[in-house]
Amino acid sequence: MSTAIETRHLGKWYGEVVGVNDVTVTLEGGITGLLGPNGAGKSTLLWLLTGQLRPSQGEVRVYGEAPWRNAALFRRVGFCPETEGLYRGLTGREFVRLLARLSGLSRRRARTRTDEVLDLLGMTSFARRRIGTYSKGMRQRVKFAQALVHDPDLLILDEPLAGLDPIGRRDMLALIRRLGDAGKDVLFASHILHEVESVTSRILLINRGRILAEGDVHEIRALIDRHPHHVRVACDRPRELARLLIDADDVLSVRVDPKGSALSVETARPDEFYSRLMGVLAESDLDVSAIESPDDNLAAVFNYLME
Amino acid sequence: MTATAHPTRSSSKPRGSVWASGTLFALTLRQMLRTRWVLLTAAVLLAPAAFAVYWSPTDPLAADELILWGQIFVIGYLQFAAPFVALITGTSLISVEKEERTLSYLVTRPVPRWLVVVMKYAAAAVFCGVGLVLSMTLSYLALAQHFGMTKILEHWNPVIGVMGSAVAGMLVYLSIFLFLGMVARRPVVYGFIFVTVWEFFVGLIPRSIRYMTLVHYVRSLATHAIEAAPEEHQFMLQGAMTDAAPMEVVLVVLPTVWIALLAFSIWRFSTTEFHANPDRR
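In order, the protein sequences belong to chains V and L. Mapping the first sequence onto numbering that gives the first Met the number 0, position 19 (from 1) lands on 18, and the numbers just tick up by one. Mapping the second sequence onto numbering that gives the first Met the number 0, position 232 (from 1) lands on 231, and the numbers just tick up by one.
So here's chain V without its partners, still in its complex pose (with noise of 0.2 Å):
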């Protein structure tokens, strides 16, 4: 029996800069969230534990190996970047089954995982399509196809839901729970508690480069519901929807955007709103190109934390 991933004061520097910072954490198995507003060092721990960057300090290891320049290890892991990064001039399928192929499988297999992996992501119907015409939710899925296609025991995420519209982040958020039941160990972040814990109650808090809290969500939600959550919708018609959500107990404020392309929302009860916004997009011909969270509620938890 192994551990997934181990730190034991791990710390990473970019010259000045502290990527993270005296990290010790274990991580048995199954799903986990990292949760830490932008730039806390959730993408620095990732490139640490997908052996992308060599660690300043520690040491860091995965299923028991060491990452750093460790290349067999990726036959168990997979990899979904935040990157934009993609090899425009590919279709679809053609991405995929390239990372087929260097993962080790053999053409036919290559082929067969593919077709799985962009069918079990709602892709089949756009994989002839070059990559360079995808939208971003297209390119989001894209990117984790290829990190699912050798059939990882692990898979590290980060911001997996990135740019996906309401219904996609809801598929996607289900495929990672169907992941962690059928007994893949899953590392993913985010900046949204939200989405993190519709997927695990275990997380992993992080900001500044230094691992805040580690365990269950519901502590960590008590904090974070202390602070007002700020939602951001871009949509056609902001006004129209501020009108369909101002009524609810939930909601503290609502503003639409000076330029009339989105409307900024104030909760204090993020995981209802966030239920009812979603009933309310789906029951609207409302065209929504973009649902962000701002992390000001993060923040104030990570600095409350960190007194």
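The reader is advised that the hints may include incorrect statements.
Covered stretches of chain V, going by a simulated chain L footprint (3 or more residues, C-beta under 8 Å) [stated by the list, open to error]:
id	stretch
1	90-100
2	103-111
3	117-127
4	253-267
By construction, these hints were calculated from the structure, which means they are not laboratory data. Source: prediction; values computed, not measured. Cβ atoms here follow ideal geometry from the backbone N, Cα and C, with glycine treated the same way.
Please build the complex by placing chain L on the supplied structure of chain V, with the hints as guidance.
Relative to the frame of chain V, chain L by itself:
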């Protein structure tokens, strides 16, 4: 929280390196076949051929036409096309992946990093090598079209020798520019200065300083290759050198530089930290 669901699955043996090799090779070739890259490479390769077509002599072996062979094959290919096509291709091999932020996909796969470098280099070598051979063949046919088919085939030997020298030179330049593309922020600028100032102009200076240039050894290799052909076929010698380095020296210098730079490139790639935000480096 439970223990990992796959405790017995070993990661100790990398598998599928052969498949990965072919995939990396094909990916790199495909990247190079993108319009902008191909057009630039084709322009460099076709420039000497265009001169050959334009100047195509009616009597290819006339005394006043012989210098043309040397100008096209030695200056046009050994000193211009081979280093420049290597510059365009070599500096881009890794930097394109960095700029497009796709390296993450390559270095988080069960593929040794050295294999990424070697297969990218191999694909570039094939791409540039095929281009050089095709262009030089076109130039030869343009210059020799009035020979007639029999003589065209008879005089083929020294051309093959110069082709081999150009390809050998290109392989060495490619390893230099591959390395430069990994260590320099503006590899094309430094590479351009190296090719034009050092290799071209310093390479023209007589006496010992030219021994410091790579092109001296590439031209020396071509000279020895032409000299190996029957005397009546050595019409290209006018464009070659009178003070060629001995073959033994050429056979030490070129492979040494080639292997050393390729090894440095592999070492550099294997020890470099790659991540999505290069600004943080």
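Hints versus structure:
no.: 1; hint: 90-100; in the structure: holds (count 3)
no.: 2; hint: 103-111; in the structure: holds (count 4)
no.: 3; hint: 117-127; in the structure: violated (count 0)
no.: 4; hint: 253-267; in the structure: violated (count 0)
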